[in-house]
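Engineer: Spelled out, the chains give:
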Amino acid sequence: QKEVEQDPGPLSVPEGAIVSLNCTYSNSAFQYFMWYRQYSRKGPELLMYTYSSGNKEDGRFTAQVDKSSKYISLFIRDSQPSDSATYLCAMSSGTGANNLFFGTGTRLTVIP
Amino acid sequence: GAVVSQHPSWVICKSGTSVKIECRSLDFQATTMFWYRQFPKQSLMLMATSNEGSKATYEQGVEKDKFLINHASLTLSTLTVTSAHPEDSSFYICSAHSPYRASTDTQYFGPGTRLTVL
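These protein sequences, in sequence, are chains H and D.
In terms of my numbering, the first sequence opens at residue 9 and continues consecutively.
In terms of my numbering, the second sequence opens at residue 4 and continues consecutively.
If we strip away everything but chain D, and leave its shape as in the complex, we get:
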């Protein structure tokens, strides 16, 4: 249980284009989803927290107009990197949480999406 998927697993795009990353909880309903980015040999940095049906809460320093988050259903959240630039190249990871799961009450992570902006 607690399976979270992400799509695509990797993407290469040109500078100035927008990229959408999907995060799905496959076997549970996630009331809260989190988006992280991870640079090589560094830990995860929380970008934003989204609750189903409401606006995302962004961490300090994260541009909400650049990183658009939509959590339209209990199993799907999307992150859109708008007007991507090479410095946005990173590994983006989502996680999901549900208070209704009987097992360990923590976040479960997706496999990540590697974004390369040329």
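The following block holds chain H by itself, in its conformation from the complex:
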């Protein structure tokens, strides 16, 4: 079993839709949870960073962590064509100098 599971998609939605992306994990030691956005042939860009359980909102993006269920989500409101990218969840048991465990990424396309 992989440490982090993520539905690879692809996921296509119309512009303006609400997008829900999810990851599950097995290691209860994970405490730091991140979402990265990766455009084609580019490096990952940090979108959201959360510690432990709870919600965090940044503009059109909301990250949720449910440690009891070992489940994290990223919601994108009012999706835009520029949101079309691959979204990677990542997590670690410690801070930035610790290994990150990545999901496989979900490819999202927002159709104008």
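Don't take each hint at face value.
[Said to hold, decoys possible] Here are the simulated DMTMM-like cross-link-like pairs (lysine to aspartate or glutamate), alpha carbons at most 20 Å apart as the crow flies:
{"hint": "1", "chain 1": "D", "residue 1": "K44", "chain 2": "H", "residue 2": "E53"}
{"hint": "2", "chain 1": "D", "residue 1": "K44", "chain 2": "H", "residue 2": "D91"}
{"hint": "3", "chain 1": "D", "residue 1": "K44", "chain 2": "H", "residue 2": "D86"}
{"hint": "4", "chain 1": "D", "residue 1": "K44", "chain 2": "D", "residue 2": "D108"}
{"hint": "5", "chain 1": "H", "residue 1": "K50", "chain 2": "D", "residue 2": "E66"}
{"hint": "6", "chain 1": "D", "residue 1": "K44", "chain 2": "H", "residue 2": "E11"}
{"hint": "7", "chain 1": "H", "residue 1": "K64", "chain 2": "D", "residue 2": "D108"}
{"hint": "8", "chain 1": "D", "residue 1": "K44", "chain 2": "D", "residue 2": "E90"}
[Said to hold, decoys possible] Ranges of calculated distance between the beta carbons of each label pair, as one might list FRET restraints:
{"hint": "9", "chain 1": "D", "residue 1": "K58", "chain 2": "H", "residue 2": "S61", "range": "33 to 43 Å"}
{"hint": "10", "chain 1": "H", "residue 1": "S101", "chain 2": "D", "residue 2": "M48", "range": "16 to 26 Å"}
{"hint": "11", "chain 1": "H", "residue 1": "N30", "chain 2": "D", "residue 2": "T20", "range": "37 to 47 Å"}
{"hint": "12", "chain 1": "D", "residue 1": "R117", "chain 2": "H", "residue 2": "S81", "range": "39 to 49 Å"}
{"hint": "13", "chain 1": "H", "residue 1": "N35", "chain 2": "D", "residue 2": "S57", "range": "25 to 35 Å"}
{"hint": "14", "chain 1": "D", "residue 1": "S57", "chain 2": "H", "residue 2": "S48", "range": "10 to 20 Å"}
{"hint": "15", "chain 1": "H", "residue 1": "P120", "chain 2": "D", "residue 2": "G64", "range": "37 to 47 Å"}
{"hint": "16", "chain 1": "D", "residue 1": "G64", "chain 2": "H", "residue 2": "S101", "range": "19 to 29 Å"}
{"hint": "17", "chain 1": "H", "residue 1": "R68", "chain 2": "D", "residue 2": "R117", "range": "39 to 49 Å"}
[What the hints assert, rightly or not] Far from chain H by the CB rule (all over 12 Å, computed), these chain D residues:
{"hint": "18", "residue": "I15"}
{"hint": "19", "residue": "L47"}
{"hint": "20", "residue": "G56"}
{"hint": "21", "residue": "E62"}
{"hint": "22", "residue": "F70"}
{"hint": "23", "residue": "L71"}
{"hint": "24", "residue": "S76"}
{"hint": "25", "residue": "T78"}
{"hint": "26", "residue": "T81"}
{"hint": "27", "residue": "I96"}
{"hint": "28", "residue": "P102"}
Keep in mind that the hints were calculated from the coordinates and are not lab data.
Don't be surprised by glycine CBs; every beta carbon is placed ideally from N, CA and C.
Fit chain D to the given chain H structure using the hints.
Structural biologist: Using the frame of chain H, we list chain D on its own:
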């Protein structure tokens, strides 16, 4: 802030040659740098972790004599793929971390280097 650059962005080389990829943290000092490779439609796979001034720690299955990593300064790490073969063709991405940054304590990624070995 948290800008990480890589050079070159893409490289094509002949089988048997060596290729050096540079990773620089432009606006902070990185005590730790990481090297990943990514195959098409797959996630990032950690190859090695390097701390400034010490030897890199390689992940299981990664040949340290083939993938030479040097982290000689707090802003520069290099990955040298020695005697490259077509199966080494991949997208190589570095990331950097510093415990001294006031903002989010995580890894920041470079734009990646696409290596094609003919």
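Engineer: Which hint numbers doesn't this structure obey?
Structural biologist: Violated: hints 3, 4, 5, 12, 14, 17, 19, 21, 27 and 28.
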